[in-house]
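Trainee: Protein chains in written order, with our numbering: chain A, 1 to 267; chain B, 1001 to 1291.
Careful, some of the hints might be misleading.
[Claimed, not checked] Here are the simulated EDC-like cross-link-like pairs (lysine to aspartate or glutamate), alpha carbons at most 16 Å apart as the crow flies:
#1 K1094(B) - D1181(B)
#2 K179(A) - D163(A)
#3 K45(A) - E34(A)
#4 K1177(B) - E1202(B)
#5 K1003(B) - E34(A)
#6 K179(A) - E164(A)
#7 K1093(B) - D1220(B)
#8 K1008(B) - D97(A)
#9 K1003(B) - D97(A)
#10 K1249(B) - E1051(B)
#11 K1205(B) - D1286(B)
#12 K44(A) - D57(A)
#13 K98(A) - D1190(B)
#14 K1093(B) - D1181(B)
#15 K1003(B) - D163(A)
#16 K1205(B) - D1181(B)
#17 K1207(B) - D1286(B)
#18 K1003(B) - E164(A)
[What the hints assert, rightly or not] Where chain B lies over chain A, by a calculated footprint (3+ residues, C-beta under 8 Å):
#19 84-96
#20 124-136
#21 142-155
#22 179-193
These are computed hints drawn from the structure, not numbers from a lab.
Don't be surprised by glycine CBs; every beta carbon is placed ideally from N, CA and C.
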Amino acid sequence: MKINRSAFVMALYILFLMLPIYWLINMSLKTNQEILAGLSLWPKKITFDNYLVIFTDASWYGGYINSITYVLMNTVISISVALPAAYAFSRYKFMGDKHLFFWLLTNRMAPPAVFALPFFQLYSSVGLFDTHIAVALAHTLFNVPLAVWILEGFMRGVPKEIDETAYIDGYGFFTFFRKIFMPLIASGIGVAAFFCFMFSWVELLLSRTLTSVNAKSIAATMTRTVSASGLDWGVLAAAGVLTIIPGALVIYFIRNHIARGFALGRV
Amino acid sequence: MRKTTNQKAWFMVMPMLLLVAFSAIIPLMTVVNYSVQDTFGNNEFFWVGLEWFEEILASERVHDALIRQIIFTSIILAIEVPLGIFVALNMPKKNGLWASLCLVLIALPLLIPWNVVGTIWQIFGRIDIGLLGYLLDQIGFDYNYTQDATAAWFTIIIMDVWHWTSLVVLLCYAGLKSIPDAYYQAAKIDQASRWSMFRYIELPKMKGVLLIAILLRFMDSFMIYTEPFVVTGGGPGNATTFLSIDLVKMAIGQFDLGPAAAFSIIYFLVILLISWVFYTVMVHSDKEESV
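Only chain A is shown next, with the shape it has when bound in the complex (with noise of 0.2 Å):
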């Protein structure tokens, strides 16, 4: 009996999180005509027509490509710079060490409506506007403390004797992260490339200040159709289920990781 009712408050619960997002793929796949002709459950035909202008027009593929582009890059930046900085908070002592460690917080905190303006000024005075880079690098901002702290969680697990013994035996520092140390937190590092990649793939605001036509992301050309060319619901709907794809495929691959990367590496 408890069983059945937990098994229906989760059904409950996930058909509330999961019909917004039907509704979306039911729109994509109607004709604009048959969506403004009235509700339908269901499409009463299946187009795919909204899929292929998407997939046709180079604005909108324009759009996942820097969109991708970006957001690589920002996670192999982030990753590369948060990596030997968690390994120091999590082995060694260091003078202010908890103070700078509360700094990178607040970085986290920072509201992306505050450093927009500024972002856009730094960016186009160093000749870096409208660059992919210039998004990554601006992501940084959230990211970077996102992965140290992720990182250093999952490096506080592993025992301090295996740095030992690796030293002793003749690793080199080098040696010993690239050969032993890395293998050994691949999760880790896995879990923090997948919040850095969804953190920058999710953000707007700033994505948007600081491109205009090279390498606007997919979120921007998103809201700015909408202002423009007077709402094409099935494009829109049909573009909207395409960001979804991504993100979707990888959290099957972290989702025992995922709450862990959530509390900031410290469930």
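With chain A fixed as given, assemble chain B onto it according to the hints.
Mentor: Same frame as chain A, now just chain B:
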């Protein structure tokens, strides 16, 4: 873990520090710079001291946005935290297909780009083509989120509940999973009621993650921008203009650099102060646990 003191660790932190300094400290300095100066264009600036801060602190518009923000954040926390705990308690306990499925489906809203979340609810809430709007309209509510402030608030709150309750669920679930079975067996032998099991076993074990969940939800709802921007654009009127939306309007829409900069600093300090309190409590309870 016992840590050794080693000042050379600074070298490992250095690349991270340089990068974050570039993307955090330089922009912040620009903001500070603007907040104490005024300009007549042509890049000529002169010192105005704390004038902008006084203007912002006295400004009706900012007060209203702040009040809306506080109400919004309180409602969000009051719904999402209890609901999150409740759902987490009902999550399947055994690992298996059903548990994996639940996890994946629950996490899904968290991974949708924020503007798409906005788009989803923008569509879902419309009375002509959206299921929610259509149903509410049929039942007899006068529901139109672009015209009516109450409807706009309702849409934005239910959207945020939809979007972020899962975060609380996942964190609490992770906390619950760490409770050994023996605890429950002991409680059963003592014939503990469901409530006292929750109160004395589950809640204390969830305390750590719950604090993180509240901290994250507080921070993120306090800086919410994209979702309401897409759904209502801050309207009708200013009914859903929260702090971030107001700030972006001021900074990028009207290009009032001085007031916007002063606003930014005050905004950041408020978040920082409250988060610092949370953080201190968190670190403190961590220490208690490890003793």
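Trainee: Between K179(A) and D163(A), does the CA-CA distance stay at or below 16 Å?
Mentor: Holds: K179(A) and D163(A) sit about 12 Å apart, inside 16 Å.
Trainee: Are the Cα positions of K1008(B) and D97(A) separated by 16 Å at most?
Mentor: Since the Cα atoms of K1008(B) and D97(A) sit roughly 12 Å apart, the hinted pair holds (cutoff 16 Å).
Trainee: Would you check the hint for K45(A) and E34(A), treating anything up to 16 Å between C-alpha atoms as holding?
Mentor: Cα-Cα ~9 Å, so holds.
Trainee: If you look at each residue in the segment 124-136 of chain A, do at least three have a Cβ nearer than 8 Å to any Cβ of chain B?
Mentor: violated (count 0)
Trainee: Please verify whether K1003(B) and E34(A) have alpha carbons no more than 16 Å apart.
Mentor: Judged against 16 Å, a Cα distance of about 65 Å means the pair is violated.
Trainee: Straight-line Cα separation of K1003(B) and D163(A) no greater than 16 Å?
Mentor: 12 Å, holds
Trainee: Are K1249(B) and E1051(B) close enough, with their CA atoms no more than 16 Å apart?
Mentor: Not OK: K1249(B) and E1051(B) at ~20 Å, beyond 16 Å, violated.
Trainee: Keeping to a limit of 16 Å between CA atoms, is the pair of K1205(B) and D1286(B) held or broken?
Mentor: 12 Å, holds
Trainee: Is K179(A) within 16 Å of E164(A), Cα to Cα?
Mentor: Given pair K179(A), E164(A) holds - Cα atoms ~14 Å apart, limit 16 Å.
Trainee: Can you confirm whether chain B covers the segment 179-193 of chain A, using C-beta to C-beta distances below 8 Å and requiring at least three such residues?
Mentor: violated (count 0)
Trainee: Are the Cα atoms of K1003(B) and D97(A) separated by 16 Å or less?
Mentor: 12 Å, holds
Trainee: Decide if the proposed pair is consistent with the structure: K1207(B) and D1286(B), CA atoms, cutoff 16 Å inclusive.
Mentor: At roughly 10 Å apart (the allowed maximum being 16 Å), D1286(B) and K1207(B) satisfy the hint.
The earlier numbered hints that this structure contradicts are 5, 7, 10, 12, 13, 20 and 22.
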